[in-house]
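Numbering (UniProt numbering), first residue to last: 1 to 940.
Note that these hints are calculated values from the structure, not bench results.
There may be inaccurate statements among the hints.
[Said to hold, decoys possible] Label pairs and their computed distance ranges (CB to CB): (1) V931 with D255: 54 to 60 Å; (2) D255 with E32: 53 to 59 Å; (3) G696 with P515: 43 to 49 Å; (4) E62 with M239: 53 to 59 Å; (5) D557 with V931: 46 to 52 Å; (6) E442 with K778: 22 to 28 Å; (7) T169 with P833: 48 to 54 Å; (8) E234 with N847: 56 to 62 Å.
[Unchecked claim] Keeping only pairs whose Cα atoms sit at most 27 Å apart, straight-line, the calculated DSS-like set for lysine-lysine is: (9) K33 with K731; (10) K131 with K208; (11) K318 with K731; (12) K694 with K590; (13) K774 with K694.
Note that the structure is a prediction, hence the values are computed from the model and not measured.
For every residue, glycine included, the Cβ atom is placed at its ideal position computed from N, Cα and C.
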Amino acid sequence: MSTTGTGVQDAYRLPTSVKPIHYDITVKTDLEKLTFEGLAKISLEIKTDTSTIVLNASKDLELRKATIYSDASEAGQAPTISLDTSQERAAFQLTDKLRAGSKAELRIDFAGKLAGSMSGYYRASWVNEGKTEYYALTQFEPTAARRAFPCWDEPLLKATYSITMISRTDTVNLSNMSVLLEEPIVENTSISPDIADIIASIRNENWKITKFTTSPPMSTYIVAIANGPFSFLETSVVMPVSGKTVPLRVYTTPDVVHQAEYALGVKAAVLPLYEKIFDVEYPLPKLDTLVASDFDAGAMENWGLIIGRMSGLLLDSKRTDIRAKKGVVSMQSHEVAHMWFGNITTMEWWNNLYLNEDRQVKLALVYFVPLISTVRVYPEWRVNSEFITAHLNQALRLDSKISSHPVEVDCPDANNINQIFDDLSYSKAASVLRMLSHYVGEEKFLKGVSIYLKKKLFANSVTHDLWDGISAATGLDITEFMENWITKIGFPVLSITEDAEGITVRQDRFLETGPPSAQDNEILWNIPLNILSIKNGIADIDRTPVLRGREEHIPLDTSKPFKLNAATNGVYRVLYTPERLALIAAEAAKADTIFSLEDRMGLVYDTMALSKAGFANIASSLTLVYQLKDETECEPLVRATVMRTFSIRDDVDLVWQAISLSLSEIRSIWWEYPEITDTLDVFLRSLFVPLVEKLGYEYPDGESVDTSLLRTLAIEQAFEAGAKNVIDELKGRFKTYQESGDDSNIPADLQRVVYLAIKAGRYGGREVYDLMAKIYEKPKTPSEQESAIRAMCSTQDESLIIETFKFIEHKARDQDVLTFFSDFTWNFKARRPLTKFWQDEYDVMFNRFEGNFVLNFILPVSRGKTLAKRNKGLTNGMDEKSTISFYSTKKDYFDIEAFYNDKDTSKFNQTLAQSLDNVRARAEYVERSTVDLKNWLNEL
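Modelling step: build the complete structure from the supplied sequences, incorporating the hints.
Here it is in structure tokens:
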């Protein structure tokens with residue numbers, strides 16, 4: 001057992017008697033036999049006298065022989081090896097003790113199979129001229145490096161790496177660093193005696209050896225190698241701090257390399273920007289990206305060799321919708337940010353995950369920092385506003401459950417690390433940093449980040465190191481300010497009451513099931529109030545008030561409009577009196593409102609969440625939505641062509657997105673109440689059909705991004721609500737394509753909804769279903785493949801639903817199974833069959849995905865890093881991406897609980913609890929609000 005900084009022994013951490021300082025790794029990859037073998041030479045510092053060396057090795061990795069050499073002895077020792085498969089450890093027992101202060105080298109021969117596990121060193125497949133072929137790549141986060149080579153697989157134990165790869169000459173070898181030497185293995189090739197056995201049988205048989213330069217110190221989980229028939233696109237950038245020219249490449253299989261140009265351009269735009277923002281040199285000689293056909297996570301930030309899935313990084317320039325472009329920018333910029341956060345500076349252990357993972361936070365800093373970079377590179381995309389939907393609101397949903405966990409969660413057992421890759425480790429952390437940046441000012445915030453990075457270059461950190469850096473830049477006690485936001489569960493709701501002198505603000509913990517018990521309401525947060533009001537006739541934001549106690553009275557002129565949490569930067573909800581909410585809603589609906597886009601989005605999300613928790617009547621929330629619907633009073637402008645366009649307030653798309661998500665969640669919660677869903681569909685048609693009629697179905701060149709996105713959203717929502725004229729239009733466009741083979745009449749932004757409407761969704765049968773299955777297996781683009789999955793999962797034919805379950809079992813790629821499950825949850829007719837399928841095949845599915853992120857995200861409410869958060873437009877709510885979270889009755893709650901009673905849930909017990917909490921909250925919402933919802937809808 002190791003010893004922590006407090007002197008307490010930790011059964012889950014490796015002993016600290018030995019420390020690795022350098023790995024010399026040789027790996028031979030055989031893509032025909034789908035095997036690998038190699039040699040690890042690991043240089044060690046001996047910290048205390050020891051006769052045992054313990055490191056990590058998976059049961060799937062064969063350890064053949066080992067030798068230990070010490071500078072205190074000329075002869076090597078052959079230790080005995082014992083394995084602990086449950087903790088994935090190998091112990092090497094020595095005859096002669098290694099002395100403290102000495103140096104040693106451990107040499108281990110190893111071998112393994114290239115399985116399709118999407119973890120460790122594994123195989124991926126692609127189709128080359130009708131033949132399935134394979135390539136090999138790695139995914140080591142969080143603890144799978146041990147599946148590829150024996151190592152100290154903990155983030156604290158950084159070391160340098162020299163990697164050598166042996167492969168066939170017609171393949172490409174990739175790793176973190178640049179190629180130092182590559183040559184064919186022939187009779188006279190000079191080979192180290194250590195690896196003579198590995199290459200003995202392959203001289204003069206079209207094999208080669210590739211040596212890479214030595215890396216800086218890095219953690220095992222960001223080491224990467226790949227071998228395959230890759231092609232690439234390349235460019236280079238001159239870095240603003242170092243002045244160095246850094247080559248950039250994107251590798252793929254040859255059939256899709258032409259779709260990598262956009263991702264390459266994004267990387268070229270953001271890499272120099274990060275170096276300038278952080279004032280810290282990018283330390284590696286190159287930055288590659290490998291786009292893979294089989295990949296568990298959305299993407300992985302391996303240092304110098306980012307690896308990601310096709311759906312997140314490839315685009316067809318001729319058939320690309322705006323949301324797909326945003327997805328590529330989001331994913332690529334996030335992973336590039338990791339080159340600093342998580343790679344240069346790494347958390348000591350996985351409880352500090354948010355320092356590694358915050359993306360759009362998948363690192364508290366790498367969800368928020370890409371937001372800053374994307375704002376600067378793509379200002380027209382309003383990513384700061386999108387953050388509210390993609391991260392802040394999503395985090396608040398999860399954190400409002402009694403089973404939530406802190407951002408900095410204790411995770412001593414590496415076997416359970418995958419559970420904490422959720423929206424709290426990502427989106428809440430990023431949201432908290434966004435709030436902090438707004439509070440101290442972005443310039444000072446980034447200065448503090450730079451101080452932190454420079455102090456921890458190539459080292460490990462804990463949370464307070466970041467706070468110390470920002471404290472140094474601001475002169476504030478950031479540790480005191482931030483402590484409860486990171487180390488405690490939950491977030492507050494602020495209740496606002498008024499009197500003649502101003503307002504009283506009170507904080508309590510917000511729970512989706514209603515007011516907390518005294519025991520659950522002990523935490524007090526430091527809350528920047530950001531009060532928006534009118535002073536001297538103009539809008540003014542007072543950033544100085546911070547609520548630190550339970551409640552406080554603040555002087556304010558309440559005769560004029562006001563709102564707390566200006567621009568929705570704070571990580572909290574705000575509860576106004578019904579009278580004040582009505583006034584705020586009326587102000588928000590004005591064309592010249594003082595409330596920003598972010599304010600209006602926050603109002604929608606807050607009011608819907610508060611009604612779900614019982615703090616407000618659902619009717620008042622829907623009334624606010626109804627008032628905001630008219631904020632797009634579009635005035636037609638005549639053009640001298642057959643088309644007309646409309647002048648629309650530039651920011652309305654995101655408010656409509658908030659409205660559609662909120663209404664779709666209501667539709668999803670009451671999914672087994674047709675008298676409500678049918679009436680709600682009428683309401684949805686009244687909202688979105690007029691938008692479709694105003695905006696049309698064409699996407700003219702030069703149109704604003706917001707208008708294009710609003711058109712797509714309106715058409716998709718009108719279709720989902722059963723608008724006949726929209727359905728007929730989509731069917732007609734597909735018929736033209738069927739008859740002519742020309743798909744130019746189907747804009748890329750509408751491909752998904754056309755596929756749903758015509759091919760295999762509401763209006764398709766066997767013939768079109770089979771066509772979707774063929775498109776899935778051989779798509780033109782990743783977006784087309786995702787559209788095909790959605791279409792297959794939208795069928796209303798019960799026999800085709802069952803057939804799709806069989807397709808998932810036998811034909812779907814492992815990386816796509818989560819997408820199939822997620823898309824099925826949008827199909828009300830498939831929900832109960834989906835749960836039955838999962839329960840019937842539980843053992844098979846558990847064994848299939850036990851070692852992957854996927855297991856945690858088929859079951860729970862949160863998708864985390866498993867998929868880049870893609871805005872798919874059509875949605876039935878945000879908590880249903882699992883096999884159980886969409887239920888809304890107490891009977892289902894108890895049935896689910898009973899099913900898992902005799903299961904080993906240790907690897908997903910936390911997310912199971914969150915899912916059950918979600919079902920309970922939905923059931924209480926239905927019991928409390930069904931009558932009010934019916935009455936409101938009937939009065940429209």
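Hint check results:
{"no.": "1", "hint": "V931 with D255: 54 to 60 Å", "verdict": "holds, 57 Å"}
{"no.": "2", "hint": "D255 with E32: 53 to 59 Å", "verdict": "violated, 20 Å"}
{"no.": "3", "hint": "G696 with P515: 43 to 49 Å", "verdict": "holds, 48 Å"}
{"no.": "4", "hint": "E62 with M239: 53 to 59 Å", "verdict": "violated, 43 Å"}
{"no.": "5", "hint": "D557 with V931: 46 to 52 Å", "verdict": "violated, 39 Å"}
{"no.": "6", "hint": "E442 with K778: 22 to 28 Å", "verdict": "violated, 46 Å"}
{"no.": "7", "hint": "T169 with P833: 48 to 54 Å", "verdict": "holds, 51 Å"}
{"no.": "8", "hint": "E234 with N847: 56 to 62 Å", "verdict": "violated, 41 Å"}
{"no.": "9", "hint": "K33 with K731", "verdict": "violated, 48 Å"}
{"no.": "10", "hint": "K131 with K208", "verdict": "holds, 25 Å"}
{"no.": "11", "hint": "K318 with K731", "verdict": "holds, 22 Å"}
{"no.": "12", "hint": "K694 with K590", "verdict": "holds, 20 Å"}
{"no.": "13", "hint": "K774 with K694", "verdict": "violated, 36 Å"}
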